[in-house]
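Peer 1: Sequence:
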Amino acid sequence: MFRLKNQGGGDSIELDMDTKFVPSDHEKKIYDFWESNGYLRPTSGEPYTILMPPPNANASLHAGHGMYTIDDIMIRFKRLNGMASLWIPGLDHAGFETQYVYEKHLAKQGKSRFDFERDALYKDIFKFVKENSGLIFEQFKKLGFLADWERSVFTLDDRVVLFVQETFKKLVEDGFVYRDEYIVNYCTHDGTSLAELEIKYVERKDPLYYIKYGPFTLATVRPETKFGDTAIAVNPKDSRYKQWVGKEVEVDGLLDKFKLKVIADEYVNPDFGTGVVKVTPAHDPNDFEMGRRHSLEIKQVIGRDGRLTEIAGPYAGLKVRVAREKVAHDLQDKGLMVKIDKEYVHSVATCYKCGRDLEPLTIPNWYIKVETLKKSVIEAVKKDEVKFTPKKYKKQMLDWLEVMHDWPISRQIVWGIRIPAFYHKKENKWTIEIDEEKQKELLKNPDITQDTDTFDTWFSSGQWPLFTLKEQEFKTHFPTDFMGTLSDILKFWISRMILFSLYRYDKVPFKDVYLWSMVADSKGKKMSKSRGNVVNPVELIDKYGADAFRASLLFGVGQGGIVNLAEDKVRAMRNFANKIWNVGRFLLTNRDSAPSRHSGESSDSRILNKKDPGPRQTWQASKAELDSARMTIESLQKEYNEVKKQYMTDMEQYRFSTAFDRLYEFIWHRFADYYIEELKDAVISGNIEAYRELESVYLNLLILFHPFMPFVTEAVWKEIKGEESSILNERI
RNA sequence: GCGCGUAUAGCUCAGUGGUAGAGCGCUGCAUUCACAUUGCAGAUGUCCGUGGUUCGAAUCCACGUACGCGCACCA
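Yeah, the first sequence ends on 817 if you go by the numbering used here, and it's all consecutive.
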């Protein structure tokens, strides 16, 4: 720490500023200062609003979260530009994710969620989440984030739940929701269906069985589903099979002989396998579609438990995988197996969470019809009402919107917002009721039950911008200004936020979307536990300081997207923070060499008041030396102005890395290495003009640089301007 | 298969129609000086390949190759 110690008569001033910037000596203290002095909340001025992408409530900081720094940079930058920056944080209940974590927690105690009643389980998870939440905000504070924590919104807050249910009700009333037996990808392990986006496809080698099927031979990887076949399909243009189309053929199954209709459908690729497909509408999405087109019966062979149903006769109760091998074996025994292609590579739908194969099953689900709703989203994106940075995401968004299908929003889990749909057994109809009193009233009728499913998490978080602001703020703060978030949730989240916002408020939720990419290891490889390359940001922050960590996410980062987090880089940034600190130290040391000091004036105004002519200059210098110093000063001024101009452009265009690199280069290699060295002799021997110029440019640089490295800039600012001052009160 | 992007020093990446750049790493020198978390100097490159446009291409264009991402398909 730096202190001016007035000893004795007060004339001898001793400098006591550490030769090194030690982050831990400053960061906590500075953050507390910001927090207790209201710097987390907006000042007066034009509103600038960012809604923080809500992290999972029970999450703790991982490297990817570091990129929230971008949002903080914008908040600080705009504040320094005189705007009323408001950053509203929040937490997401993250339905499936969190329940998954909780179930692992239960498993450790030898329990499973099936041991609990619905309400008890919900309460337990709620407690679990409450106990584990808040940690991430503390870590965000370590990173210096200037968010208004008191306004934090949790996606299970009462008013949020109500709002989300309201949206559902409105969607139902407007005819955008339907309930249907529909084929979904179901994880039999996690016990829930997943949306298209949550599926992870993996390439895998599986045997492709060529089996005899009536007069045909056909290829399948899933012989065990044959008990659910309700047709055989060929391509209508396939001359080989034309004679069979529309006829029934007798098939010798494993259990008995049965008759199947042969249908013609464009879906069938005549070049694949034998050009003949068995149609199992209950267990294959494409077959399901074909089944719809041809009004085929749906026969469930696999249950939600992942085991074969009684339709499978002797195979009933077997798990899918076991059944497959047994069926294949038995087919072979009966001479129905033509050949097995063991080299067949295909991609398999797996659960993104647990990695197990998903079972396409038919399950009743609430669906949102997106055909009409997405039109306005496409239009808004095309018209740049929402702008994307980097630009490539606009195209990606539009491409995806084109193929966006109806969205199944029911999840068979407890942790989430329960769907406010009530079923009348006798009348066989559904009622949507969001009023709690009326819900109780309904449930008094023994023939009425509430749907046990909850909404897909993205159904609620997709409405994030609609329930984070206060009612009256919609006039002044909406659309919000900036949405900085991870690129991999572009489709999950960004698209839905725009959709819901346009649906309910007829406005886009934000003007700019900035997508940062994955934070990877030093080699650009994705961090993963299995790879063992996961970097814990907290350790880096403790070791090198928050500023260094933040800066390392910006320094030398290309537009390609991947951010390499390398300890070397963090260390280099720590060194840079130290450089900034030491420039301040140099200036303070020499503040007192300026001989123009007179007792009645504070040191601040003496040095910083440019109007002060410094009349008592006793410095003796040759004219040549003076001229040389003056020329250097002019050149510094010019160079600084140019740097500032480019900085402003970079910042407005969200080229954070470029802005940072430029300042880094200028501060270190021009300002410190060149200008200070050039003017050093003059300063030391008392040329106050040179001193003032250096200090003035330095202070301005601190302001420009503050959004990137908030702590060190504030720390030096306080050294120079006093403990109670803050760089956040300055304007660029 | 379709679309998008990337390819530059040992590593990670900037960059520009006219002499090839940074950080880290490496080599040498300096040091009572704000900073050794420092400074100065230095070495290191078929700027992915091929062809084209041009007075001139690492830069623009085409094709190819490799990698990354998105989408679709996957019986």
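To be clear, the hints were calculated from the coordinates, so they are not data collected in a lab. Check the hints yourself; a few may be wrong.
[Stated by the list, open to error] Label-pair restraints from in silico Cβ distances:
# : residue 1 : residue 2 : range
1 : VAL619    : ARG389    : 29 to 39 Å
2 : GLU512    : GLY195    : 21 to 31 Å
3 : ASP356    : PRO399    : 46 to 56 Å
4 : GLY195    : PRO399    : 27 to 37 Å
[What the hints assert, rightly or not] Taking lysine-lysine pairs in the DSS-like style, the calculated list, with each CA pair at most 30 Å apart, reads:
#  : residue 1 : residue 2
5  : LYS472    : LYS212
6  : LYS215    : LYS525
7  : LYS346    : LYS438
8  : LYS510    : LYS523
9  : LYS729    : LYS472
10 : LYS344    : LYS438
11 : LYS332    : LYS208
12 : LYS806    : LYS765
13 : LYS592    : LYS480
14 : LYS332    : LYS419
15 : LYS611    : LYS730
16 : LYS419    : LYS208
17 : LYS344    : LYS476
18 : LYS346    : LYS472
19 : LYS404    : LYS290
20 : LYS208    : LYS196
Owing to the predicted nature of the structure, the values given are computational and were not obtained by experimental measurement. Just so you know, even glycine gets a beta-carbon here, dropped at the ideal spot from N, CA and C.
Peer 1: Taking the hints in turn, state whether each one holds.
Peer 2: Evaluated hints:
Separated by about 34 Å at the C-beta atoms, VAL619 and ARG389 satisfy the suggested range of 29 to 39 Å. One distance hint, 21 to 31 Å for the beta-carbon pair GLU512 and GLY195, is violated here, with the actual separation near 44 Å. At about 36 Å, the beta-carbon gap between ASP356 and PRO399 misses the expected band of 46 to 56 Å. A C-beta distance of roughly 33 Å is found between GLY195 and PRO399, which places it inside the suggested range of 27 to 37 Å.
At most 30 Å may separate the alpha-carbon atoms for a hinted pair to count; LYS472 and LYS212 exceed this at roughly 40 Å. A distance of roughly 27 Å separates the Cα atoms of LYS215 and LYS525; the hinted pair therefore holds under the 30 Å criterion. For the proposed pair LYS346 and LYS438, the alpha carbon gap of about 39 Å is over 30 Å, so the pair is violated. Restraint check for LYS510 and LYS523: satisfied, since their Cα atoms lie roughly 18 Å apart, inside the 30 Å limit.
Distance hint between LYS729 and LYS472 is fulfilled; the C-alpha atoms sit about 25 Å from each other, no more than 30 Å. A hinted pair counts as satisfied when its Cα atoms are at most 30 Å apart, and LYS344 with LYS438 does not qualify at roughly 40 Å. Annotation: proposed proximity of LYS332 to LYS208 is violated, straight-line Cα distance about 57 Å (limit 30 Å). For the suggested pair LYS806 and LYS765, the alpha carbons sit about 22 Å apart, so the restraint of at most 30 Å is met.
Distance restraint check for LYS592 and LYS480: the Cα-Cα separation of roughly 21 Å lies within the 30 Å cut-off, and the hinted pair is therefore satisfied. A threshold of 30 Å between alpha carbons decides the hint, and for LYS332 with LYS419 the separation of about 25 Å falls inside it, so the pair holds. A hinted pair counts as satisfied when its Cα atoms are at most 30 Å apart, and LYS611 with LYS730 does not qualify at roughly 36 Å. For the hint linking LYS419 to LYS208, the alpha-carbon distance of about 54 Å lies beyond 30 Å, and the restraint is violated.
Note on LYS344 and LYS476: the hinted pairing is violated, with a Cα-Cα distance of about 56 Å set against a maximum of 30 Å. Using a Cα cut-off of 30 Å, the hinted pair LYS346 and LYS472 is violated, with the two alpha carbons roughly 52 Å apart. At most 30 Å may separate the alpha-carbon atoms for a hinted pair to count; LYS404 and LYS290 meet this at roughly 20 Å. Among the hinted pairs, LYS208 with LYS196 is consistent with the structure: their alpha-carbon atoms are about 16 Å apart, no more than 30 Å.
Checked against the numbered hints given earlier, the structure breaks hints 2, 3, 5, 7, 10, 11, 15, 16, 17, 18 and satisfies all the rest.
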